[in-house]
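Engineer: From first to last, the protein sequence lines stand for chains A and B. The first sequence begins at 1 in the UniProt record's numbering and counts up one residue at a time. The second sequence begins at 1 in the UniProt record's numbering and counts up one residue at a time.
Incorrect hints may appear among the rest.
Stated by the list, open to error - Taking lysine to aspartate or glutamate pairs in the EDC-like style, the calculated list, with each CA pair at most 16 Å apart, reads:
no., chain 1, residue 1, chain 2, residue 2
1, A, Lys193, A, Glu175
2, B, Lys236, B, Asp185
3, A, Lys42, B, Asp33
4, A, Lys185, A, Glu203
5, A, Lys42, B, Asp15
6, A, Lys42, B, Glu16
7, B, Lys180, B, Glu135
8, A, Lys61, A, Asp134
9, B, Lys211, B, Asp235
10, A, Lys42, B, Glu35
11, B, Lys140, B, Asp185
12, A, Lys61, A, Asp88
13, A, Lys207, A, Asp127
14, A, Lys157, B, Glu23
15, A, Lys229, B, Glu23
16, A, Lys155, B, Glu23
17, B, Lys140, B, Glu161
18, A, Lys207, A, Glu150
19, B, Lys56, B, Glu23
20, B, Lys22, A, Asp88
21, A, Lys158, B, Glu23
22, A, Lys42, B, Glu192
It is worth saying that the hints were derived from the structure and are not from the lab.
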Amino acid sequence: MDTTQEVEEILHSIKDGDELARERLIKYYKPYILNVAGNVCKRYISWSDEEASISLLAFNKAIDTYKDDQDRTFTSYAYLIIKRDLVDFFKKENQRHHLSLDVEGGDVISREEYSIGFYEGSERKRDLVDEIMDLNEQLTKYGVVFEELEDYSPKHKKTRQSLLEAATFFVQKEELVKELFVKKKLPISKLVKETSYKYKTLEKHRKYLVTIILIKLHPEWVQLQGFLKPSNEKGGS
Amino acid sequence: MKKEIVGTVVKVTDDEIVLMTKEGTFKNVVRPDNEFPLIGQSYVAYSTKSSVSWMKYVSVAVILMFSIMLYSIFSSEHQDPAYLVAIDVNPSIELELNEDFEVIRMIGNNDEGETIIENLSLNRSFSEAVMTIHEELEQKGYIEEGTPFTMVTSAVSLSTEHEANLEQIERDLEEASENKQVNIDYMHGSEEDLSESSEKNISLNKYLLGKRLAEESKVNDASEVIGESVSQLLDKLKQDESNPNPNEVQSNNKKSSQVEELPNQENKQENVEKPDPEQQQDNKPEHENRDNRSSTNQATENKEEDKPSNDQNEEKSESGNAEKSKAEDRGSNVSENETQDDSHNRKNENENDKETDDKERQESSDHGEEGSNKNHEEKSNEDAGNNKDQSSDKRP
């Protein structure tokens, strides 16, 4: 599920009746579904909330109704569907914490369509949300969550620079990458042996290093590569 | 001081937004209640965390400053005093010093003292404080420049371990008083003196002066000096020290001195001249004999034992009889004086006669006590005998 094309292929197979692929796709987008629900409701939504179920159902509906000839990505389409369903739900339930929108659902969608189209920008071939979902999925395998990355992030430019260099060196070494994939653990001691980096520094930023190595190993995450552009290094490898 | 953080939202949790900054690092920022950004959106946050850590430093700094202030307050005002120095010119001041002879507390014992310490500052060395006191004394007109004055000073060590350092205070005092027309009367006191003086509610200097007077038997007890000023006490002490000759003292005191005081004073003069332990012993019975006949008898027996001096006794008693003819009750004073002056000069006798004449007039109504006066006479004869012994010893 690394590229938009792959997502579209999966969507096709789902439409052809591959329920396993549907399950996988839903599982993959779960953080996004919750995020959209929270965004629409302007509060944090957990899986025990009714809004989460409605969002999940709306997302499921989006899988079925998404047409790949549309001008928007699947995620932005899913966002529109989830939002419309939630607004309908609020209207029906007449709950307090609904959006302060007096307009009809159709109007909301047209407005959102406009804003999202604007947000996407014409040149963006890939959806950043998909890349972040990808990264999130990958990181989970290595026992890393986004919240804890702040503590592992370098505070100084020099440290960040040397960590980027270490990651660049790492992805070029096949055995190191293999070991990372197999053991799901960063072989820091081997990296230290082959480079001049201090064990202590690498250990301190271990989870951050895993993150940037994973980003570097996925050159198709074009937008995420943009975040790893050092002054003297090009994104990707 | 809020710091702006720009980043792409990668995750939104209940209370946090995880941002990936354009440098590729991650930041967690607090999620405002009414905001719930979408993943992938660009988001601008104002770092509350950095301001929290900034607050942390500030609070640490404030606590540090506060504790330093507290420490300085405690170290200056609540330091244990090691010495107490009391200074009396007329302004009366007490200074408490720490182990390093720095002034940590000042007390004005009277209004004048209060005005002096107004301009004194704490935490300065003792000698500096004394120099300032000198300046203040001159400025406030308590002393005139170039006019000699006396500074009565006593130092007390407030803990036994510092007792040896009291000399240092005296040295400091003298050093600070150089080039000043000051006569320093310096005394050491003990902690008992201090507690005793505060018990009796008199100043330390007065108490110590009183103690000195008591030692020289000018007053019966150190506490008798309550009503008198330090300078009066000092005068009393000086009279004695500067005029060791009894004749001069007598002539000085001739008109002013009271009859009752005379014997005492003479005894003291004798003490100065002849520190004979035997005589001192004899002086004691004299006080007692005024009312006690039995001890007088004993004294008479003693007299008989002093046979070698008999002829002088006779000479003495002759003159004593001559006096008696004028007034029987003149008693010991006259005969005693005679004996004393026997070896010195006769001139004094005339003066004594004048005195006794005065006395006569005063005591003419007291004839009822003739008996006891006679006892005095006997006693004085005996005393005279003793004196004779000494004077005969002096002869070649």
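Engineer: Decide, hint by hint, whether the structure agrees.
Structural biologist: Quick rundown of the hints versus the structure:
no.: 1; hint: A:Lys193 <-> A:Glu175; verdict: holds, 14 Å
no.: 2; hint: B:Lys236 <-> B:Asp185; verdict: holds, 14 Å
no.: 3; hint: A:Lys42 <-> B:Asp33; verdict: holds, 8 Å
no.: 4; hint: A:Lys185 <-> A:Glu203; verdict: holds, 12 Å
no.: 5; hint: A:Lys42 <-> B:Asp15; verdict: holds, 12 Å
no.: 6; hint: A:Lys42 <-> B:Glu16; verdict: holds, 13 Å
no.: 7; hint: B:Lys180 <-> B:Glu135; verdict: holds, 10 Å
no.: 8; hint: A:Lys61 <-> A:Asp134; verdict: violated, 22 Å
no.: 9; hint: B:Lys211 <-> B:Asp235; verdict: holds, 15 Å
no.: 10; hint: A:Lys42 <-> B:Glu35; verdict: holds, 6 Å
no.: 11; hint: B:Lys140 <-> B:Asp185; verdict: violated, 22 Å
no.: 12; hint: A:Lys61 <-> A:Asp88; verdict: holds, 15 Å
no.: 13; hint: A:Lys207 <-> A:Asp127; verdict: violated, 25 Å
no.: 14; hint: A:Lys157 <-> B:Glu23; verdict: holds, 9 Å
no.: 15; hint: A:Lys229 <-> B:Glu23; verdict: holds, 8 Å
no.: 16; hint: A:Lys155 <-> B:Glu23; verdict: holds, 11 Å
no.: 17; hint: B:Lys140 <-> B:Glu161; verdict: violated, 37 Å
no.: 18; hint: A:Lys207 <-> A:Glu150; verdict: holds, 10 Å
no.: 19; hint: B:Lys56 <-> B:Glu23; verdict: violated, 27 Å
no.: 20; hint: B:Lys22 <-> A:Asp88; verdict: violated, 37 Å
no.: 21; hint: A:Lys158 <-> B:Glu23; verdict: holds, 12 Å
no.: 22; hint: A:Lys42 <-> B:Glu192; verdict: violated, 82 Å
This entry does not satisfy hints 8, 11, 13, 17, 19, 20, 22, going by the numbered hints stated previously.
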